[in-house]
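Trainee: Quick mapping for you: the protein sequence lines, in order, are chains A and B. Once you know that position 123 of the first sequence is 133 in the working numbering, the rest is easy, because the numbers rise by one and skip nothing. Once you know that position 226 of the second sequence is 258 in the working numbering, the rest is easy, because the numbers rise by one and skip nothing.
Keep in mind that the hints were calculated from the coordinates and are not lab data. Worth double-checking, as some hints may not be accurate.
Calculated pairs, EDC-like style, for lysine to aspartate or glutamate (alpha carbon to alpha carbon, straight line, at most 16 Å) [said to hold, decoys possible]:
| # | chain 1 | residue 1 | chain 2 | residue 2 |
| --- | --- | --- | --- | --- |
| 1 | B | K280 | A | D252 |
| 2 | B | K292 | A | E213 |
| 3 | B | K289 | A | E213 |
| 4 | B | K136 | B | E181 |
| 5 | B | K292 | A | D252 |
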Amino acid sequence: MAVEVIKERYSSKVGEVVLGATKAEGGTRSHTVTVGGDSTLPFLHFEGEVPNRPVIAMEVQDRIPDWNPVVKKPFEDVIGDVAAWAEKCVKEYGADLIYLKLASADPELGDASPEQCAETLKKVLEAVEVPLIVVGSGNDEKDNEVMPQVAEAGAGENLLLGVAKQDNYKTLTAACMVHKHSIIAQSPIDINIAKQLNILINEMNLPLDRIVIDPSVGALGYGIEYTYSIMERMRLGALTGDTMLSMPIICTVGHEAGRAKEANAGADEFPGWGDLAERAVMWEAMTAAGFVQAGGHIFVLRHPRSVELTRRAIDQLMKK
Amino acid sequence: MILIGERINGMFRDIGRAIKEGDKKPIHEWAERQVKAGADYLDLNVGPAAEDPVKAMVWLVETTQEVVDVPLCLDSTNYDAIEAGLEHCKKPALINSVPADRPKLERVLPMAKKFGASVIGLAMDAKGIPKNAENRLALAMEIVAAATEFEVPLEDLFIDPLILPVNVAQDHAPEVLETLRQVPLLSNPAPKTVVGLSNVSQKCVNRSLVDRTFLAMALAAGLDAAILNVCDDELIDTIATARIILNKDIYCDSYLKVYKGRGA
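Let's have the full structure, built from the sequences with the hints guiding it.
Mentor: This is the structure in structure tokens:
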């Protein structure tokens, strides 16, 4: 007797968000990228649709970051020029998106002016044709000056701008409304705040299909399981009709994995841990693999080798 | 949670008069108001005073459907009136109701099958309402068996354990809650459960408080649907809060607002 596969039927699905805009749509991108739309738990192709493949964004910064030398090495020829760096990520490593962090806006890391940041954006827009994600330096006060100008400079491009937080979302939301961009809504590994922030942003009239959730991922060994279970619960919420949790999810894997001790300590310090060059890359790749399976939609990565490994994991999971 | 708006009932003076005089306005107003408040179904009851219940029911169905498109819950002990109403319903309706009384089951269940309607089965028979949960469940089981016999899908069956006014029949409420807990065990797929909420507070003081306290307890016991005053904000807030406590909806600070805006 054949085994009958038990299938769940869900009443709803994850919303879709479109990133970027082509010439016809008022932008300059060669194509747009659509994320989300899943009508099942991650990759259960027998049960529902996974219409859009999860995508990889490669992170570039407008100043030389203090990343581990192992992670910076593949970019040593371009790391001082953010446009060239972005171009290499797309041409050589096949990045689906570029994640531009305007780190130099930080008052302590260069204090770049809003105008300078807008210029940086324009350079990167010229250098690559893929859709862009642009985030501020992480200094709320400064970012509230910088991001509206960045949003204006990128008007028409349908950027994904970040990051909005529960205590600082209004300026960025308004900038996204005025210049027609999408927004990253970040919560501190807390599903209730994630939902509330989406409601607050939506109450300012930014449509739900222009919000992407950043649940604040934890790296392997640093809370990955908490984020995993929150992402799982969000997905179940989305599938059962909780529209305020039905947005696609962005996972800033490179940033989180790059902070882990295991991705930075040399073999001289911990001989049992093995070669750092391989370990640092694997820490990022393994963290990403976990979140691919958790149902993330956009993965922000740094090292080309972990990009390749993550892409391979996605390939395998997308096979029906 | 399936909310059935109770307000279009000839027992209310404005509706009774509207039916008698053929005045559509109060029907339209209450239909729109209840749907706006989140009603999934609208209960239609011509009341005891209607001269021609069949004609009155058809009029109520047509008048209501002029302004809203939610499904209707046809509430009458006159099965000719229900049948006439079903013929005019645009969406599969809910028949309210039939007891575990063989001749009545034989009349109502084939009608439900013919029109694809759902049915509320009352946990009572010709002898009346049982005192305890065990006998209520026995009658519910008779209805489940009859539904199967007459090919009404069990997903379309609602069991009403019959709550009585708490000021005269206090010992019934715990039995009703126990019945709600056990109805899902009767069959697979299980029938749903429903209560006519305001019955619990008939002629009590603090009616609204009695209603919402009982509703919270019934939800904890697994209640699926209720015929209630959907325009009672505090009652709807109670449902939203119970759903949070029962972990059916994910909490956020705006959860009351989110629940009120559901489906919107």
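Trainee: Next step is simple, just say for each hint if it's right about the structure.
Mentor: Going through the hints against the structure:
1. B/K280 - A/D252: 10 Å, holds
2. B/K292 - A/E213: 15 Å, holds
3. B/K289 - A/E213: 11 Å, holds
4. B/K136 - B/E181: 14 Å, holds
5. B/K292 - A/D252: 13 Å, holds
Hint compliance for this structure: no hint is broken.
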